[in-house]
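Each chain, written out:
There are 2 protein chains.
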Amino acid sequence: MRTHYCGQLNKSLVDQEVTLCGWVNKRRDLGGLIFLDIRDREGLVQAVVDPDETAIFGTAEKLRNEFCIKVSGVVRARPESQINKDMATGEVELYIKGLEILNSSAPLPLDFNQENSEEARLRYRYLDLRRPVMNQRLQFRSKVTSAVRRFLDDNGFLDMETPILTKATPEGARDYLVPSRTHKGEFFALPQSPQLFKQLLMVAGFDRYYQIVKCFRDEDLRADRQPEFTQIDIETTFMDGKQVMAMTEKMVRNVFNELLDVDLGDFPSMTYAEAMRRFGSDKPDLRNPLELVDVADILKDVEFKVFSGPANDAKGRVAVIKVPGGASMTRKSIDGYTEFVGKYGAKGMAWIKVNDVAAGIEGLQSPIVKFLNEDVAAQLIERTEAKDGDILLFGSDTKNVVTDALGALRLKLGEDFGLVEDKWAPLWVVDFPMFEELEDGALTPLHHPFTAPSNMTPAELSANPAEALSDAYDMVLNGCELGGGSVRIHNQDMQAEVFKILGISDEEAEEKFGFLLDALQYGAPPHAGLAFGLDRMVMLMVGADSIRDVMAFPKTSTAACPLTSAPGVANPDALVELGIQVIPAANNSEEA
Amino acid sequence: MRTHYCGQLNKSLVDQEVTLCGWVNKRRDLGGLIFLDIRDREGLVQAVVDPDETAIFGTAEKLRNEFCIKVSGVVRARPESQINKDMATGEVELYIKGLEILNSSAPLPLDFNQENSEEARLRYRYLDLRRPVMNQRLQFRSKVTSAVRRFLDDNGFLDMETPILTKATPEGARDYLVPSRTHKGEFFALPQSPQLFKQLLMVAGFDRYYQIVKCFRDEDLRADRQPEFTQIDIETTFMDGKQVMAMTEKMVRNVFNELLDVDLGDFPSMTYAEAMRRFGSDKPDLRNPLELVDVADILKDVEFKVFSGPANDAKGRVAVIKVPGGASMTRKSIDGYTEFVGKYGAKGMAWIKVNDVAAGIEGLQSPIVKFLNEDVAAQLIERTEAKDGDILLFGSDTKNVVTDALGALRLKLGEDFGLVEDKWAPLWVVDFPMFEELEDGALTPLHHPFTAPSNMTPAELSANPAEALSDAYDMVLNGCELGGGSVRIHNQDMQAEVFKILGISDEEAEEKFGFLLDALQYGAPPHAGLAFGLDRMVMLMVGADSIRDVMAFPKTSTAACPLTSAPGVANPDALVELGIQVIPAANNSEEA
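Just so you know, the sequences run in chain order A and B. So the mapping is simple: this note's numbering equals the position in the first sequence, first residue as 1, plus 39. So the mapping is simple: this note's numbering equals the position in the second sequence, first residue as 1, plus 39.
Keep in mind the hints are simulated off the structure, nothing from the lab. Do not take every clue at face value.
Which copy is meant is left open, so a pair is good if it fits within one copy or across any two.
Cross-link-like lysine-lysine pairs, in silico, DSS-like; alpha carbons within 30 Å at most [claimed, not checked]:
no.: 1; residue 1: K426; residue 2: K339
no.: 2; residue 1: K109; residue 2: K289
no.: 3; residue 1: K382; residue 2: K409
no.: 4; residue 1: K339; residue 2: K551
no.: 5; residue 1: K65; residue 2: K124
no.: 6; residue 1: K109; residue 2: K281
no.: 7; residue 1: K281; residue 2: K136
no.: 8; residue 1: K281; residue 2: K386
no.: 9; residue 1: K344; residue 2: K371
no.: 10; residue 1: K289; residue 2: K182
no.: 11; residue 1: K322; residue 2: K101
no.: 12; residue 1: K136; residue 2: K426
no.: 13; residue 1: K438; residue 2: K344
no.: 14; residue 1: K451; residue 2: K182
no.: 15; residue 1: K281; residue 2: K182
no.: 16; residue 1: K551; residue 2: K344
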């Protein structure tokens, strides 16, 4: 119906006849003329209706915002004085010689000139998505998937589909369940990831797999969580962890280069241990220069139990964050940070203002200075490289509390003091522990139970599982986990050993993962992979605050869709056919 | 880990050192040497272990089929006498200088040398998919999606995702339901297609959308149906039906050209009416030369009620299929076909063997010849262009019965008589009726209720809905519907009129499709689209018999997965959390 997109008109088309289709973005009546800004997905262009074109002018007078129209006319250069440099098409305008109203529009329930509520935006999502910022974000998302696919296609990866209707895991509290009609009383589950299927594809010999695929998790939603989200899922055979990292790093670098003209450079790599020690996080934001500095050795003999207790405890940690120029902090501000770290379990927060380094301990200001001596003070200043005007904020508690609290405090201070550099800071985090210890001493996998340990036999793993490192790797960008992966266990004995360490009985393993254990018997190849969160990657790339802003039809924070009113009540007959019934609210233990 | 794929070795690599990873396809011990066929996704290559390489030979003696190994060695040209022309790598072999067993294999539960049961194939799918024929089919599928995506990307289509957790439609008997945890007692449904969402994306101004997307239908399964299947889903704005057809035809032509080196040429187009008249099907297989020939006008005055009844009834039909050379059919064979058409409601099947055209009615052989006269006989022969030795098979009943029965008979005869040409026969079927009349006289949409009528106002549609044609189009290939689409209704009044004709009340329309009706108010653009069945397209292209053979992990005909044992019993706690319970079998009306 059209010859060009609105956003494509430029000086090279002057004097040409073109036809456009789009929406009336704005109409202005000025000096007897009608000016229209016409919008389509590629942008805006100004069009002019002359009153001499009587019939067209009559139609144009009916136009309101968001009418869908088709116009034809001649492209004209605008006079120098009317050039609009803020508009990509601002050097030209269309002199309208034909106008057809394709559809009228009622006044919009959303006001594009103001912030609308999340509820309203989602209810009228098809209008919210007309806003150029949203339209461009979704278009950008499509460009990202396209670039990712091209890279993977060019590198021999096969785009393969795995099932959405799959096995409900007995413990899968976060699984969405789907009742089966043919097998009454039984359920499918929607996959939290295609992990096991992609491993089976490697056993089947497909060598390199990828899929941009929906995954599902029924959990409390946060800003960056949705019931359904999208993964770039990758698995390879006969490649080790380093090769997978190199390949996927190249992919991400290419995508940033191609779509943002940003060179991410070679990604640095850091062990999990170092990340936790220096940044209190397994996904450190390296744009933030603040670090955690361990000082237990300096403080273990002071007469202040808050310090000396944890400093002498193998499970304790004493660390400090130095905030340059932070000595200007008010008492109220310090109290605020103390309350903040309290949320992470810290029972308090010691602090020292460094007023005058040259004065030694006399130059320090703090309620706790009295517990220190000149030597300790000197060591603290030396270790933290504190300067006049800095403040030292202490965490002293169990290792976990200090690491979590100071890790979070570091991010907050970075924001509050404007220390976060405006750049891209990618990072690999490697050498994760295989297991985390739960409070009851049981071990749980830090990633998932199919992750291979680094260079170890089953016997070696069994001997000291708590210390074992895995062959896993996370890609972090600006403090967000973009993706994570690992070398997988391809050896049946090793997989059985891991299940044993996790306290999974043979029966349970057989029940839950029998098919994987079976598959490992038949010449399963070494394999490794990685999965990226596409939504989060796009969110970071376009600078959105929430993954909701890069999804066409997201759910609300209560996992509902205001647009279609989903979820809804089901037809009772359908439930009978499925062999299930809704528990009346009175019998519902959760609501009773 | 490797330098080449097994299937890549050729004469250009002679004398080079290479490293391969793969599976032992076969081991033969011959003349003191060990020969291995090593397999990876790209093919097979022969490797030789010399007993002089003592250590390697010792390892090689342990190898069994399907062991996963890594080998290095030198590529050698085979002596002329040993060249294997059936093998892509048959001119060379690898002289092994290094051998590592990456994983051993237990004896396989599937015998690759024989046909295995569907159950066994699906249970050990990761082994079934190692079979070169299956491996190649799935690889081919990946090539198809890749080619489709490239075409659509290059034509300005945006790859956009629509929700999987969506609204349960009140009448959606074929919806898979998903109980919501946050909204207890309520359900999401898995989409049967993204139809409404893609229309909303057009309203949002994305202009050209596509998605290769899973769709779900909970229904009895046939050879070419699966609970989850994949659509190439396309929608465009400001394009009419012809433009969508041209664009998608070009896409399919490109894919066939690129992947099969087949030129499908320009697709012919046929109206629905003609397709039903000549072929008794809305998806005629044009490789089959047989046609239905209408003869009611010839037979309406004969003294044979079986003919004259339907011939004089506006809702009746009398038609004939001429089978060249079919006069040789035995009585038993004719009885077989009579029984066959019976399945489609035909109460019998009249037939005439044409033994001698020159002899007129005397040359015809049939129990019903006595009801005909010379003139009728001559007209039948002229109309059907029958030759000596042909047979005429009659259908005479209601229009629907004759069309269905002879449409099916035509296909069966084509197969039985070897008449189906070995070629690709694409076709567009167009000008569908808007509605079908149900037995109770109610109208139901032939496609879906968002399909636009051809060139009609709401008032014109209302005046004679049963005769209205829609702006819909199906792409047919070799008698299979590859895809179907239509221009959609973008006008609110027209959509309301269609709902009215379908007997959908305002309340019901509001409840089910309120969001679509809302969206049409706000400058909804003209839009049109199409959806292809990817599974079926790939199945046709690779010559498989079932879509199961082109899906990595399909379900059985009872919608179960023998590999993972899905569906399964859910954790009772999870059901309580979801606010649902399984109806005990005794209370279950279906099973009681």
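Inset, instruction - Could you place K382 and K409 in one of the four classes (within, between, both, neither) given a Cα distance threshold of 30 Å? - result: within (28 Å within a copy, 100 Å between copies)
Legend entry - Identical-chain pair category, K451 with K182, by Cα at 30 Å: neither (33 Å within a copy, 48 Å between copies)
Inset, instruction - First find the shortest C-alpha distance between K281 and K386 inside one copy, then the shortest across copies, and answer within, between, both or neither for a cut-off of 30 Å. - result: neither (41 Å within a copy, 72 Å between copies)
Inset, instruction - With 30 Å as the alpha-carbon cut-off, assign the pair K344 and K371 to within, between, both or neither. - result: within (25 Å within a copy, 103 Å between copies)
Inset, instruction - Using 30 Å as the alpha carbon limit, work out where K551 and K344 are close: within a copy, between copies, both or neither. - result: Classified as neither: same-chain Cα gap 49 Å, cross-chain 67 Å, threshold 30 Å.
Legend entry - 30 Å Cα threshold - placement of K136 relative to K281: Answer is between; shortest inter-copy Cα gap is 26 Å, intra-copy 62 Å.
Inset, instruction - Go through the copies and call it for K136 and K426: within, between, both or neither, with a Cα cutoff of 30 Å. - result: neither (72 Å within a copy, 64 Å between copies)
Inset, instruction - Have a look at K289 and K182 and pick one of within, between, both or neither, based on CA distance no larger than 30 Å. - result: both (17 Å within a copy, 23 Å between copies)
Legend entry - Copy assignment of K322 with K101, given that the CA separation must stay at most 30 Å: For K322 and K101, neither the intra-copy (56 Å) nor the inter-copy (46 Å) Cα distance is at most 30 Å.
Legend entry - Up to 30 Å CA-CA - K182 versus K281, copy category: Close inside one copy (27 Å) and across copies (28 Å); limit 30 Å.
Inset, instruction - Classify it for me, K339 with K551: is the Cα-Cα distance of at most 30 Å met within a copy, between copies, both or neither? - result: Neither: 48 Å inside a copy, 69 Å across copies.
Legend entry - Alpha-carbon proximity context of K426 and K339, limit 30 Å: within (24 Å within a copy, 110 Å between copies)
This entry does not satisfy hints 4, 8, 11, 12, 14, 16, going by the numbered hints stated previously.
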